[in-house]
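With chain A fixed as given, assemble chain B onto it according to the hints.
2 protein chains.
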Amino acid sequence: MAQNIYDDKGFFAEYSCLPRSVEGLAGAPEWPALRAMLPNLRGKSVVDLGCGFGWFCRWARENGAANVLGIDVSEKMLERAIEETRDPAIVYVRSDLEHLELRPASFDLAYSSLAFHYIEDLRRLMSQVHRTLVDGGRLVFSVEHPIYTAPSETKFVTNSSGRATWPLDGYLDEGPRSTDWLAKGVIKQHRTIATYVNTLLDAGFAILYIEEWGPTPEHIAAHPDWANDHHRPPFLLISAQR
Amino acid sequence: MAQNIYDDKGFFAEYSCLPRSVEGLAGAPEWPALRAMLPNLRGKSVVDLGCGFGWFCRWARENGAANVLGIDVSEKMLERAIEETRDPAIVYVRSDLEHLELRPASFDLAYSSLAFHYIEDLRRLMSQVHRTLVDGGRLVFSVEHPIYTAPSETKFVTNSSGRATWPLDGYLDEGPRSTDWLAKGVIKQHRTIATYVNTLLDAGFAILYIEEWGPTPEHIAAHPDWANDHHRPPFLLISAQR
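Residue numbers (numbering that gives the first Met the number 0), protein chains in the order written: chain A, 0 to 241; chain B, 0 to 241.
The hints are simulated quantities; they were obtained by calculation from the structure and are not laboratory data. The reader is advised that the hints may include incorrect statements.
Which copy? The list can't say, so a pair holds if one copy fits it or any two copies do.
[As the list claims (entries may be wrong)] Each computed DSBU-like pair below joins lysine-lysine, with the alpha-carbon atoms no more than 35 Å apart:
hint, residue 1, residue 2
1, Lys75, Lys183
2, Lys187, Lys8
3, Lys8, Lys75
4, Lys183, Lys154
5, Lys187, Lys154
6, Lys8, Lys154
7, Lys8, Lys183
8, Lys187, Lys75
9, Lys75, Lys154
This is chain A alone, in the form it adopts within the complex (with noise of 0.2 Å):
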C-alpha cells in the first residue's frame, strides 16, 4: 500500500493551506492546461482517482457530467469533500488506488490531479483505468514531473555563472524518493516520462498529447518566485484515449 500522507496531521494542516486547497482549481497554475485536454462533459460519467477536497468533482458537474466518483484514500480530504458537495449525483468513495477494483466500461472520462506519483503499481492500476472506461472514452491526469521527481536535492543551485540550475541526478533510476514536503518522509515514486507513456500503451491506451507544464511569462509576472519552473517543468500532463 502506498503511504497515505494525506492523513498525516501535519501534513494535511499544511497541505489545507496550500492555494490550490484554499481557492480549489483556480489556485493550481495548471489546471487550465489540463482542462483545456479535457472533452466536453456534457451527460458524461466521470471517475476522478485521487479527488482531495472534491473541487474537480463538483467542476465536472456544473460542467455537465451526469455523475461523478471521486476517490481518494485519504478520510480528512473526503470528510471535507462530502461537506462541502451538495449533490447526490457526486458520489465519494474511500479507497487505495493501489487496489482499486473498477467495474468495466463505466466511465466516459478518467481524471487524475497530482495522485499517480505516489503510486507504487501503475502498471496494474492503468490496466484498471482502462478496462472502466467505454471505448473511445479518455485518461487525462497530471503527475509531478520525473524531472522534478529524479534528484537526490531538490533544491536549485546558481553555478558559477550565476544562472539557477537544477541539479538532476538519478533520472534513470525508478522507484521511491523521500522528500521533505509538508512533512518529512513523504514518499513519491520516481518514474521516467518513457515509463508513464509506454505502461499507457501497454495496457491499451492510445497517446493524445502531452504537456511538460511550465509558467507562462504571465504567471511568472505575478509569481516571480516561479521563474525557476520554465528551467526544469514540475508537472507532466497526459492525455489519452481507450
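Frame of chain A, contents of chain B only:
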C-alpha cells in the same frame, strides 16, 4: 537551412574517429535498443534520414530490406558511404532534410539516427515522413535527449554530497543551442519530449514506444566513464506508426 557541420573539415575528421564511425552500428551503444524497435525488414522499402556513412542502409539490406534510400546533407559522408557500398539496391541522395520532398506512400520504414535534433522545422519533416510511409508504416528514430540538449552548461557538476549532477536549465526554452562538440559552434535544436511526441501526433502518427536510453550496468562495467549517463539519458528513442 540547418547548419551542415558534417562537411566542416575539422568536425568531419573528429567525427570520423568516433567509435560509431569506425565500428559502425556496433560502436553505437544505443543501437541494440533502437534495433529492438524495428519491424521485420524482409522485402521492405526503407529510407534512412541522415544516413551518414551508410552503416544502417547496408545493415537493412543484410537483414532483408528490398531497397534502401539513404539521404544525407553531408557530401563528405555520402562520398564514404558510396565508397563502402557495393549494392545496387541501396541508393544515396544528397539532400537537406529541411527541404526534403518525398514521394507519397513509398516506404515501409523511415529510420533516423541522431539527425532530427539538427532540424529547425521538425513539423514540416514529420509531415513529409508521414506522407512517404504506407499505411501501417513505421518511423523509428533517435535524437539527443532533451535533458541533454537543454542546458547552458553541459558539464556534470559535483554537488556538496560529492554526487555528479547535471546542471539543468532552460528545459522549456526551445530553440537552437550552440555547443562545442568536436568543433566550435555546432548548432542543435533543443525541443522538449512533449514537442517531439505532439509533433508526431499532429502529423498523424500513433506513438508505439518511447525509450530514454541510458547505459546498462554491463555498459558501465565496460566503460566506467559512461556512469553519469544514468543520471541524465543522452538519447531519446521513439517508435511511431502511420
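Comparing the hints with the structure gives:
Taking identical chains as interchangeable, the C-alpha atoms of Lys75 and Lys183 lie at most 35 Å apart only when both belong to the same chain, with a minimum of 19 Å there against 59 Å between chains. For a Cα distance limit of 35 Å, the shortest separation of Lys187 from Lys8 inside one copy, 18 Å, qualifies, whereas the shortest one across copies, 50 Å, does not. For the homomeric pair Lys8 and Lys75, the shortest alpha-carbon distance inside one copy (9 Å) is at most 35 Å, but the shortest distance between copies (67 Å) is not. Taking the shortest Cα distances, Lys183 and Lys154 sit within 35 Å of each other both inside one copy (16 Å) and across copies (32 Å).
For a Cα distance limit of 35 Å, the shortest separation of Lys187 from Lys154 qualifies both inside one copy, at 17 Å, and across copies, at 28 Å. For a Cα distance limit of 35 Å, the shortest separation of Lys8 from Lys154 inside one copy, 25 Å, qualifies, whereas the shortest one across copies, 43 Å, does not. For a Cα distance limit of 35 Å, the shortest separation of Lys8 from Lys183 inside one copy, 12 Å, qualifies, whereas the shortest one across copies, 56 Å, does not. Within a single copy, Lys187 and Lys75 get their C-alpha atoms as close as 20 Å, which meets the 35 Å cut-off; across copies the closest is 50 Å, which misses it.
With identical chains, the CA atoms of Lys75 and Lys154 are at most 35 Å apart within one copy only, with a shortest distance of 30 Å there and 46 Å across copies.
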